[in-house]
Amino acid sequence: MPGLTITFTTDFGLDDWFVGTMKGIVTGMAPGSSMIDITHQITRGDIWGGAFALAASAHYFPSGTIHIAVVDPGVGSSRVAILIGAGKQLFVGPDNGVLSLAVRDSEIEFIHSLENRRFFRPDVSRTFHGRDIFAPVAAHLANGAMPSDFGPRLSTFIKLDWPRPTRSGSCFCGEVIYVDRFGNAITNLGTDELSGCGTDSHLSIRSCDVPIREYYQAVPTGHPVAVLGSTGLIEIAINGGDASHDLNLARGSEVVLAPDE
Amino acid sequence: MPGLTITFTTDFGLDDWFVGTMKGIVTGMAPGSSMIDITHQITRGDIWGGAFALAASAHYFPSGTIHIAVVDPGVGSSRVAILIGAGKQLFVGPDNGVLSLAVRDSEIEFIHSLENRRFFRPDVSRTFHGRDIFAPVAAHLANGAMPSDFGPRLSTFIKLDWPRPTRSGSCFCGEVIYVDRFGNAITNLGTDELSGCGTDSHLSIRSCDVPIREYYQAVPTGHPVAVLGSTGLIEIAINGGDASHDLNLARGSEVVLAPDE
Amino acid sequence: MPGLTITFTTDFGLDDWFVGTMKGIVTGMAPGSSMIDITHQITRGDIWGGAFALAASAHYFPSGTIHIAVVDPGVGSSRVAILIGAGKQLFVGPDNGVLSLAVRDSEIEFIHSLENRRFFRPDVSRTFHGRDIFAPVAAHLANGAMPSDFGPRLSTFIKLDWPRPTRSGSCFCGEVIYVDRFGNAITNLGTDELSGCGTDSHLSIRSCDVPIREYYQAVPTGHPVAVLGSTGLIEIAINGGDASHDLNLARGSEVVLAPDE
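Chains as they are written, first to last, in our numbering: chain A, 1 to 261; chain B, 1 to 261; chain C, 1 to 261.
If you are wondering where the hints come from, they were derived from the structure by calculation, not from laboratory data.
Since we're looking at a predicted model, the values are computed, not measured.
Beta carbons: idealized from backbone N, C-alpha and C, even for Gly.
It cannot be assumed that every hint is accurate.
If we take Cβ atoms under 10 Å as the criterion, some of the chain A residues that face chain B in the derived model are [as the list claims (entries may be wrong)]:
{"id": "1", "residue": "Thr7"}
{"id": "2", "residue": "Gly45"}
{"id": "3", "residue": "Trp48"}
{"id": "4", "residue": "Ala53"}
{"id": "5", "residue": "Leu54"}
{"id": "6", "residue": "Phe61"}
{"id": "7", "residue": "Thr65"}
{"id": "8", "residue": "Ser106"}
{"id": "9", "residue": "Phe110"}
{"id": "10", "residue": "His140"}
{"id": "11", "residue": "Gly183"}
{"id": "12", "residue": "Gly229"}
{"id": "13", "residue": "Asn248"}
{"id": "14", "residue": "Ala250"}
{"id": "15", "residue": "Gly252"}
{"id": "16", "residue": "Ser253"}
Reference excerpt, derived from the structure (chain B facing chain C, CB under 8 Å, subset only) [said to hold, decoys possible]:
{"id": "17", "residue": "Ile38"}
{"id": "18", "residue": "Thr39"}
{"id": "19", "residue": "Tyr60"}
{"id": "20", "residue": "Ile212"}
{"id": "21", "residue": "Tyr216"}
{"id": "22", "residue": "His223"}
{"id": "23", "residue": "Ser230"}
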């Protein structure tokens with residue numbers, strides 16, 4: 001029988017041995033696990049970015065998947081490490097918000113603090129809890145350890161704010177919340193706002209109006225276009241280009257969804 | 001029994017959650033599959049680059065391997081998605097040529113259009129067919145679905161041109177077709193041209209003559225050298241350096257294979 | 001039963017098909033092996049960097065793991081390929097030192113030259129021994145081939161120098177030996193030197209004194225700090241910053257561990 005799936009979302013990058021070492025721990029303790037990288041290229045210390053990447057991907061994994069997320073600028077300090085059960089999946093990481101977006105639409109089944117050193121490596125470093133705490137905890141979970149064994153139940157955990165669009169007359173004001181590797185700028189405007197605004201509408205970015213189309217190549221090469229992206233959110237792209245660069249869009253950039261005249 | 005092998009060749013990069021999400025779909029539907037990345041660092045939209053990378057690697061995988069290639073600037077448009085059976089392997093991707101170089105020397109067993117939505121995710125986005133079509137199709141194939149179940153048989157598919165060397169007297173004129181991460185410039189000149197030119201020959205790049213040697217370090221550090229590379233093609237390198245940069249070589253750069261005086 | 005674990009440490013990068021091709025060989029010959037990347041982003045030809053990354057990670061893998069390391073500027077020349085058994089693990093790669101740091105604290109059980117072409121691919125290229133020699137050798141080892149089958153026993157192999165700290169009065173003089181992706185500069189000073197220097201001590205880098213603390217965030221954001229890192233060595237960081245860049249540290253930079261006044 002194939003083992004459970006364990007995913008990894010970190011800001012460790014791929015230049016060093018950090019990710020491989022975590023997997024070495026897991027393969028030794030829970031052989032047969034399927035280990036899948038979501039990404040290790042989160043900008044260093046960018047908790048929001050890690051949380052968004054995990055949230056965009058987690059629900060495409062099967063029930064029982066154990067997600068490890070380590071974007072952890074506070075490693076070694078007194079920040080808490082947690083295990084969350086939600087949506088029939090398990091989430092392991094620092095309690096700094098990095099797990100929070102992935103579970104925000106799920107019923108939270110339990111939250112436990114990771115305190116029982118029996119599930120850690122014998123010598124826990126102050127700089128690499130991915131190796132010394134989170135990987136062995138995930139392996140123990142894959143092997144059937146009970147969540148309550150890891151530490152006391154918590155009533156809450158740190159949640160990142162999800163910026164909500166605001167309505168202004170017939171328009172919706174939103175913002176860019178993530179820029180992907182293609183330079184596509186993902187906004188916090190989605191199907192609800194599109195429905196509210198009507199079928200004929202467009203995005204305004206400063207003085208630039210961007211048409212909403214069904215796919216990127218529905219506009220000529222080099223032209224901006226807004227599409228309902230794969231995360232269920234409107235994203236701004238340039239067909240064959242880099243919208244973030246060319247339109248000067250970054251996280252927090254304001255966008256307005258408005259009906260066509 | 002270990003599952004089948006599924007490979008991934010994309011331009012999705014490693015910064016975001018795209019690749020991990022595709023693997024989440026596969027691990028949920030076809031647990032036990034061995035999922036192997038060929039590369040995700042194809043230059044955005046570079047269909048030729050993706051096709052070449054897949055072609056250079058595919059035949060080192062075992063029979064039954066399912067190769068997914070997604071370099072797909074036309075995603076969401078009316079471009080067709082296909083499944084090709086060739087050389088006892090399966091190839092899945094958009095019908096834009098990205099699969100064509102990998103199968104150009106194999107007998108094509110069948111080509112099917114991917115149309116049967118029963119094998120897709122319920123909601124197919126217009127921007128991420130890797131997740132919504134190609135990953136679930138590959139998983140169904142790994143689970144034993146019949147190629148003919150996916151859609152009607154096609155008689156042909158889009159093929160990329162492979163630039164042929166031309167003979168000119170005792171010389172062969174070719175070109176650079178790929179530059180790798182080491183800056184080595186792979187040409188379309190191979191063993192046939194080497195045989196035709198004789199054992200004592202060299203490459204000419206503009207006014208620069210590059211000796212043909214058996215391995216990189218057969219010339220002093222910093223010197224250019226041409227070797228018969230691992231793809232069976234002559235590549236131009238600089239021992240310890242970057243030939244593409246130092247010799248200003250890019251895809252399409254002309255090279256001439258000539259006998260030594 | 002899950003297969004053995006095979007790791008990969010190379011300077012092949014992730015842009016091309018090199019790593020995927022090696023895995024294609026392994027999955028075809030030894031299906032069910034767990035293939036784990038340590039890193040492929042070693043600076044091209046940086047044998048020390050590859051050796052350090054492998055050494056920092058190898059011992060977190062289970063007994064029986066087969067480690068492949070290919071940082072191999074001499075590929076195709078007369079350099080020897082070797083197999084080392086040490087610490088209940090196997091190490092495969094060129095005999096240029098890249099395996100040496102990982103085994104320097106282990107009892108060497110055996111060293112064999114890789115010469116028996118029966119374990120190679122039929123056509124061994126002069127440029128890609130990762131595919132043609134090291135991957136198939138690792139797969140044969142995973143399948144139970146005896147080390148002595150691969151070639152004659154050797155009495156020694158090439159070892160990289162590990163720079164030793166020197167004592168000078170109450171101080172220890174060391175140097176930076178690795179800079180990681182966070183810009184943290186790992187030194188050759190560890191617990192022994194810390195014990196010798198006393199509990200209240202600091203690092204001096206040129207005219208800059210860096211306090212030793214237990215974790216990064218024990219100093220304000222933007223301030224330098226030295227911590228005992230996850231490799232058991234003192235590393236110099238900037239909380240939230242890049243120490244290598246800001247303090248102009250590179251491999252070989254001198255640092256002094258000194259008692260506080």
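task = Under 8 Å, Cβ to Cβ, is where Tyr60 (chain B) needs to be relative to chain C, so tell me if that hint holds or is violated.
result = Constraint on Tyr60 (chain B) satisfied, holds at 4 Å.
request  = Closer than 10 Å between Cβ atoms is the bar; does Ser106 (chain A) clear it against chain B? Give me holds or violated.
outcome  = Hint on Ser106 (chain A): violated, closest Cβ of chain B at ~16 Å, above 10 Å.
message = Take the shortest C-beta to C-beta distance between Gly45 (chain A) and chain B; is it under 10 Å?
response = Check failed: Cβ of Gly45 (chain A) comes no nearer than 15 Å to chain B, outside 10 Å.
query = Given Ile38 (chain B) as an interface hint, is the shortest Cβ-Cβ distance to chain C below 8 Å?
reply = holds, 4 Å
message = Next item in the hint list is Ala53 (chain A). Is there a CB on chain B closer than 10 Å to its CB?
response = Where the cut-off is 10 Å and the nearest Cβ of chain B is about 4 Å from Ala53 (chain A), the hint holds.
inquiry  = Given Ser230 (chain B) as an interface hint, is its Cβ closer than 8 Å to any Cβ of chain C?
reply    = Holds. Min distance 3 Å.
message = Next item in the hint list is Thr7 (chain A). Is there a CB on chain B closer than 10 Å to its CB?
response = holds, 7 Å
Interface restraint verdict for His140 (chain A) against chain B (beta-carbon cut-off 10 Å) = Violated - the Cβ of His140 (chain A) stays beyond 10 Å from chain B, reaching only about 20 Å at its closest.
query = Against chain B, with CB atoms and a cut of 10 Å, does the hint on Phe61 (chain A) hold up?
reply = With Cβ-Cβ at 4 Å, under 10 Å, it holds.
request  = Verify the interface restraint on Thr39 (chain B): the C-beta must sit less than 8 Å from at least one C-beta of chain C.
outcome  = Holds: closest Cβ of chain C sits about 6 Å from Thr39 (chain B), inside 8 Å.
ask   = Hey, does the Gly183 (chain A) contact hint survive, CB to chain B under 10 Å?
value = holds, 9 Å
message = Take the shortest C-beta to C-beta distance between Phe110 (chain A) and chain B; is it under 10 Å?
response = violated, 23 Å
Violated hints, in rising order: 2, 3, 8, 9, 10, 13, 14, 15, 16, 20 and 22; the structure is consistent with all others.
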